[in-house]
Amino acid sequence: MVWCKHCGKNVPGIRPYDAALSCDLCGRILENFNFSTEVTFVKNAAGQSQASGNILKSVQSGMSSSRERIIRKATDELMNLRDALGIGDDRDDVIVMASNFFRIALDHNFTKGRSKELVFSSCLYLTCRQFKLAVLLIDFSSYLRVSVYDLGSVYLQLCDMLYITENHNYEKLVDPSIFIPRFSNMLLKGAHNNKLVLTATHIIASMKRDWMQTGRKPSGICGAALYTAALSHGIKCSKTDIVNIVHICEATLTKRLIEFGDTEAASLTADELSKTEREKETAALRSKRKPNFYKEGVVLCMHQDCKPVDYGLCESCYDEFMTVSGGLEGGSDPPAFQRAEKERMEEKASSEENDKQVNLDGHSDESSTLSDVDDRELDCYFRTPEEVRLVKIFFDHENPGYDEKEAAKKAAGLNACNNASNIFEASKAAAAKSRKEKRQQRAEEEKNAPPPATGIEAVDSMVKRKKFRDINCDYLEELFDASVEKSPKRSKTETVMEKKKKEEHEIVENEQEEEDYAAPYEQDEEDYAAPYEMNTDKKFYESEVEEEEDGYDFGLY
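Note that our numbering gives residue 204 to position 95 of the sequence shown, counting from 1, and the numbers run on in steps of one.
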């Protein structure tokens, strides 16, 4: 509706052909704006052209924002984890709370630098702790195939980020009984045995009263209870089966079984244990403690607005404490009380043994006091000044010169100490002087020593100077001897003429050896072979010498 001044009232107005807006009664032009559906462009501060207006993502792509897509994917991953761990398909409340935890983590940038699988698992495990579901942290690590320590670190960081760690009650004790149905189902491979579950639950309740749960993880308690209950009902299973189900080592399971064997409940059968537990439950219901507001205003639990019932706990926290701890009546004493009682009994036994020893010896080691002795009896133990003077005179008469001898001994001791210190300083200076002289003499010998004639002498002198102990000198001598026997290499500066002279010398030596070898046979062959051989040999050697003298052989021989 638009106000028309001419008509004096609000009129709908018409806009023909997307032009000016006019009154539909009188035709007066009310607004003169032209609208266009085309995209317009403007220039920004950098001088670049860009489309004017804002882009609506929902209209442009039909997709939601990135945050909503991340949350949707996280919800799907949480549902997959829930189904894989068997938490329950109908537990949508778990997914809702875990998604809320993830939203808070996303707002605080908790997902940056951390694996998404670890963040999803931490959120879901925190939700399971809030709903008291029978899921362990190691179940998540086994499914995701990651280290349980890495997952636990991310979980603690998430609790710190959510300010849960500031509350002293965030680490509530987990009741091991909630895991028994799940573990028994895994042991029996899908079958359900109510008697097995009931017996294992009673064993855990007995362990609680005997302080076995204090300071221990629920996995070991559940493993020991399940193994004992299975054997008591005739179900064949080994420790390895229990270890694979509850995710503990066999040594831990054995230790829990030994601890349970030391309690009174270990001597009972399954029926006797069940009967005893029912009697205790009935007695606990009959003698249920009424609310006792003995210290109003002093609340030690998280519910500060409620009134304390007993032990500084409100009614709900008190009931939970009684359920988790198994009650305050029956069972063994606390470990600290047992240790103190044991120490007290040992001290009592040792004191009794000392009393017996005193009676046998006839005297006591206890220090006597003078409070029960009369003063007149004490006077006879102390000398008067006159008696002290007389005793001194008698001692001086019997030991003349005693004081002078003692003074001389003290003086001699002081002189001996001074002489000993002087002797020590003198010996120290003499040793330093001798070391200095030896170093100077060694340096002088090295300076005046002639240079080594061979390599072995140089190496030997160096080994002696450096005092090497791991070098075999005999092997060094053999090494240098072997190197000397090898034929030396021809130097690069050797000329061709020198090479020729060496070859001629070798040829002449070979000729002399042949002549010496052939001399005994020349006399016998002189009649028929001497002229021919002499002429032939002479001509051969002459031509050979002539060809070799010019220095060129061209590789013919």
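Mixed in with the good hints, there may be bad ones.
Cβ-Cβ distance ranges computed for the label pairs, FRET-style [claimed, not checked]:
{"no.": "1", "residue 1": "Leu215", "residue 2": "Ala160", "range": "49 to 55 Å"}
{"no.": "2", "residue 1": "Arg176", "residue 2": "Asn119", "range": "40 to 46 Å"}
{"no.": "3", "residue 1": "His217", "residue 2": "Ala193", "range": "32 to 38 Å"}
{"no.": "4", "residue 1": "Arg176", "residue 2": "Lys348", "range": "48 to 54 Å"}
{"no.": "5", "residue 1": "Glu513", "residue 2": "Asn463", "range": "32 to 38 Å"}
{"no.": "6", "residue 1": "Tyr252", "residue 2": "Asp350", "range": "46 to 52 Å"}
{"no.": "7", "residue 1": "Asp428", "residue 2": "Lys345", "range": "36 to 42 Å"}
{"no.": "8", "residue 1": "Ser224", "residue 2": "Arg325", "range": "27 to 33 Å"}
{"no.": "9", "residue 1": "Asp380", "residue 2": "Lys345", "range": "32 to 38 Å"}
{"no.": "10", "residue 1": "Gly156", "residue 2": "Asp216", "range": "48 to 54 Å"}
{"no.": "11", "residue 1": "Arg325", "residue 2": "Asp428", "range": "21 to 27 Å"}
{"no.": "12", "residue 1": "Gly299", "residue 2": "Asp259", "range": "51 to 57 Å"}
No wet-lab data here; the hints were simulated from the structure.
Where a beta carbon is used, it is the ideal one built from N, C-alpha and C, also for glycine.
Subject >> Outcome for the supplied range 40 to 46 Å, where the beta carbon pair is arginine 176 and asparagine 119 >> reply: 44 Å Cβ-Cβ, so the 40 to 46 Å window holds.
Original post:
Honestly, do serine 224 and arginine 325 meet the 27 to 33 Å range at C-beta?
Top reply: holds, 30 Å
**OP:** Can you let me know if the beta-carbon spacing of glutamate 513 and asparagine 463 is within 32 to 38 Å?
**Re:** Since the Cβ atoms of glutamate 513 and asparagine 463 sit about 51 Å apart, the hinted range of 32 to 38 Å is violated.
Subject >> Status of the given 46 to 52 Å range, CB of aspartate 350 versus CB of tyrosine 252 >> reply: Check failed, 20 Å falls outside 46 to 52 Å.
Original post:
So the hint says 48 to 54 Å: do the beta-carbon atoms of arginine 176 and lysine 348 match that?
Top reply: For lysine 348 against arginine 176, whose Cβ atoms are near 50 Å apart, the range 48 to 54 Å holds.
**OP:** Take a look at whether the Cβ-Cβ distance between histidine 217 and alanine 193 falls inside 32 to 38 Å.
**Re:** About 27 Å separates the Cβ atoms of histidine 217 and alanine 193, which means 32 to 38 Å is violated.
Original post:
Is the gap between the beta carbons of glycine 299 and aspartate 259 within 51 to 57 Å?
Top reply: violated, 32 Å
**OP:** Starting from the range 36 to 42 Å, see whether the pair aspartate 428 and lysine 345 falls in it by beta-carbon distance.
**Re:** holds, 39 Å
Original post:
Measuring from beta carbon to beta carbon, are arginine 325 and aspartate 428 in 21 to 27 Å?
Top reply: Given range 21 to 27 Å: holds, Cβ gap about 23 Å.
Subject >> lysine 345 and aspartate 380 - C-beta distance against the hinted 32 to 38 Å >> reply: Violated, at about 20 Å.
Subject >> Range hint compliance [Cβ, glycine 156 to aspartate 216, 48 to 54 Å] >> reply: Between glycine 156 and aspartate 216, where Cβ atoms are some 38 Å apart, the hint is violated.
Original post:
Between leucine 215 and alanine 160, does the C-beta distance stay in 49 to 55 Å?
Top reply: Cβ of leucine 215 to Cβ of alanine 160: about 32 Å, so the range 49 to 55 Å is violated.
Comparing the model with each earlier hint shows violations of hints 1, 3, 5, 6, 9, 10, 12; every other hint is respected.
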